[in-house]
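Mind docking chain B on chain A? Use the hints.
Number of protein chains: 2
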Amino acid sequence: MNERSVDELRALHADFSAQYDALVARGLKLDLTRGKPSAEQLDLSGGLLSLPGEGQFRDQAGTDLRNYGGPLGLPELRSIFAGPLRVPVAQLLALGNSSLNLMHDVIVQALLHGVPDGVRPWSREDTVTFLAPVPGYDRHFSICERYGIRMIAVPMTEEGPDPEVVRSLLATDPTIKGMWCVPVYSNPSGVVYSERIVRELVSAPAAPDFRLFWDNAYAVHHLTDARPEPLDVLALAAEAGHPNRPLVFASTSKVTYPGSGVAFFGSSPANIDWIVRNMSVQTIGPDKINQLRHVQLLRDEAGVEAHMAHHRAILEPKFNAVDAIFRERLAPFGAGSWTAPAGGYFVSLDVADGCARRAVALAGQAGIAVTPAGATFPYGDDPRDRNIRIAPTFPALEELGTALGGFSTAVLLAETEALLAGR
Amino acid sequence: MNERSVDELRALHADFSAQYDALVARGLKLDLTRGKPSAEQLDLSGGLLSLPGEGQFRDQAGTDLRNYGGPLGLPELRSIFAGPLRVPVAQLLALGNSSLNLMHDVIVQALLHGVPDGVRPWSREDTVTFLAPVPGYDRHFSICERYGIRMIAVPMTEEGPDPEVVRSLLATDPTIKGMWCVPVYSNPSGVVYSERIVRELVSAPAAPDFRLFWDNAYAVHHLTDARPEPLDVLALAAEAGHPNRPLVFASTSKVTYPGSGVAFFGSSPANIDWIVRNMSVQTIGPDKINQLRHVQLLRDEAGVEAHMAHHRAILEPKFNAVDAIFRERLAPFGAGSWTAPAGGYFVSLDVADGCARRAVALAGQAGIAVTPAGATFPYGDDPRDRNIRIAPTFPALEELGTALGGFSTAVLLAETEALLAGR
Chain A
0 MNERSVDELR ALHADFSAQY DALVARGLKL DLTRGKPSAE QLDLSGGLLS LPGEGQFRDQ
60 AGTDLRNYGG PLGLPELRSI FAGPLRVPVA QLLALGNSSL NLMHDVIVQA LLHGVPDGVR
120 PWSREDTVTF LAPVPGYDRH FSICERYGIR MIAVPMTEEG PDPEVVRSLL ATDPTIKGMW
180 CVPVYSNPSG VVYSERIVRE LVSAPAAPDF RLFWDNAYAV HHLTDARPEP LDVLALAAEA
240 GHPNRPLVFA STSKVTYPGS GVAFFGSSPA NIDWIVRNMS VQTIGPDKIN QLRHVQLLRD
300 EAGVEAHMAH HRAILEPKFN AVDAIFRERL APFGAGSWTA PAGGYFVSLD VADGCARRAV
360 ALAGQAGIAV TPAGATFPYG DDPRDRNIRI APTFPALEEL GTALGGFSTA VLLAETEALL
420 AGR
Chain B
0 MNERSVDELR ALHADFSAQY DALVARGLKL DLTRGKPSAE QLDLSGGLLS LPGEGQFRDQ
60 AGTDLRNYGG PLGLPELRSI FAGPLRVPVA QLLALGNSSL NLMHDVIVQA LLHGVPDGVR
120 PWSREDTVTF LAPVPGYDRH FSICERYGIR MIAVPMTEEG PDPEVVRSLL ATDPTIKGMW
180 CVPVYSNPSG VVYSERIVRE LVSAPAAPDF RLFWDNAYAV HHLTDARPEP LDVLALAAEA
240 GHPNRPLVFA STSKVTYPGS GVAFFGSSPA NIDWIVRNMS VQTIGPDKIN QLRHVQLLRD
300 EAGVEAHMAH HRAILEPKFN AVDAIFRERL APFGAGSWTA PAGGYFVSLD VADGCARRAV
360 ALAGQAGIAV TPAGATFPYG DDPRDRNIRI APTFPALEEL GTALGGFSTA VLLAETEALL
420 AGR
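The listed protein sequences derive, respectively, from chains A and B.
Residue 0 is where the first sequence starts when you use numbering that gives the first Met the number 0, and the numbers rise one by one after that.
Residue 0 is where the second sequence starts when you use numbering that gives the first Met the number 0, and the numbers rise one by one after that.
What the hints contain is simulated information worked out from the structure, not anything from laboratory work.
In this text the structure is predicted, and so the values were computed from the model without any measurement.
A hint or two may mislead.
[What the hints assert, rightly or not] Interface residues of chain B toward chain A, partial, derived using beta-carbon atoms under 10 Å:
no.: 1; residue: G34
no.: 2; residue: G52
no.: 3; residue: G95
Glycine residues also receive a C-beta, built at the ideal position from the N, C-alpha and C atoms.
The following block holds chain A by itself, in its conformation from the complex:
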């Protein structure tokens, strides 16, 4: 819209204002905020509600799963996910109901005890720094903020975090102890890390106790047939001489039920020993009956794939709708630049610089809740105030269309306001 005259902009502003007033008058109450599965998706795992079934409480080895013990998790479940996550079964633990909880607890243990290869607990360092590729996931950033861990934003490229920036920061700043990574269908950009980038991340010189927090949340959450070959980050790291660098996290939160799923932790033998020792003081074991439910529901790797195909059938039209509506509503005005991810849960939208907060506020006043602008940056601070995370999975398709249409109006109004103010 930048090339238009002031008069043209005023006419557009009047149009968009009228559309916006009509939108407000509709009194909508729609939500595009969080990456939650829809009820239709949750129905795919309805079996969990009556599994494992009367009298079913033993694993293949005959262990009574109702009792204490089994801190590593059910071997059968670990073996189902070992393939998709590219972690050997012996180095893959099936634990509680939340991978976020695991990431949090690993950071807490690193603060209080340090990690293998480290010389002291992170809390004894003057400064602990994490690299945070942006745009990224706000709950990662919240953990760092809560524990006083400094974050440095690193720009994302089409194939992962900018490797030159990462290499240079790691080489010059020994306070960098961690880096957030969502290697497959990154939150929110949808970027899949290339093998070249992963090799860079595992090989770049860094502090000996530098750790990649490899949040592989969307490893099996494809939206197209063009599936990235899963990369074996543990093998690549070992090959690069840094076997203990990656800490792999994943869960079934968006495979079965959020909150009632199973989280996984995978890493080198030394890191597994470390976490098992930590956990031995913290808990007597995970919910193995729920793990048995998951084994029965998903059966094997092919079962996971078939299950995820059903998710895709529900989600693909929603992601297509985001693209179609933005093309129809934003593109004609040159507004917005958005991703068309091949998997995961989000679309990342960049609006004109300085317009994200205003667009989100306008949408909110019209009853359309959107993830707060800035949430995809550490400290909520998007220096260009342009990135907005769109979460299209939860609303029904028709509602989604209404919400995205209304949100587009808010974006267009915010951008014309800003352009007029600048003239």
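For chain B alone, kept in the frame of chain A given last:
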């Protein structure tokens, strides 16, 4: 046995040695170590294996429990346990699968952030000390050891930790920030704290951020009709001007399934706000479907009571067997002094000073696993080497009898050995 002559002791030693050799020859493999429910007890909660049932995933308010959210836990479940635990529903959270995990995490948060009323994180103190009533629970002690928290043993009386010792330690040592308490059917002594003791604990002058870790693990685990009236520790503490002192923990681990149960946290509004703020960074919410299962299985407070009566029917004969066998085997020789608890999971046995380790070792060599001597004391250090925790719940009644008989032989042999060595 102390009054016997050396010759009498030699004869007894020969007898016990012969019995012991015969025991070893049987090649037993029995386990009296951990407080695990038996398979028969686990069968009482068989309903959980097919609950909540197809299409059942909403709470009374209509919320879809399969999705993210609900960090405080299911109100219906919190209300079932509010009565037995004497915690108002609004101040009682239903969380993950392990109360030990909650205690651990509360200590970690206290270390990293401090607690309400505190002036700094506990990790910034030169020394943090906990009071540990002895005999006590080894997993409590392990948490302290792992985080470098110093423990001071406090002797138990018939009605709880010795209040004069506690009062005097608290008054003179401001590094004391916590105290482990199992107020009902204490692990392992079975002692029920009296109202007088509880009033002492909540009112004694102490550091402002001193906390009672009130592990109410056995609140509903009665073995007789003589049930202690539940004490409202939160109300008593508020009355005493220390509303934030008690942190109440409990779980259904020994009501339904260990590992697949639900843990509870109850405290003052200020402490609840504190833990909710901590958890908001750690997790997106507990397994609410499992909480729904528990609501459906237990239904209400009367349902819990009926359920626990079935446990009692299984457990009472086992506890009676402990008493009967020790009366038959140990009492005639004046050996052993043991508790006859009215609830809970353990019997506490004191043998002659200096004989506990040897008795446990002898039993172990005969294939009878007993909780390591010393485990009931901080740092595994029982200064008189006399206390042994007996866990009679897991073995079938007949096996239990065999194990206790064999173990009695080990005790008698250890004691005669020691007496002969001392002559």
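Do the hints match the structure? See the list:
1. Interface restraint check for B/G34: the shortest CB-CB distance to chain A comes to about 9 Å, inside 10 Å, so the restraint holds.
2. Given the 10 Å rule on beta carbons, the hint for B/G52 holds: about 5 Å separates it from the nearest Cβ of chain A.
3. For the restraint placing B/G95 at the interface with chain A, the shortest Cβ-Cβ distance is roughly 7 Å, inside the 10 Å limit, so the hint holds.
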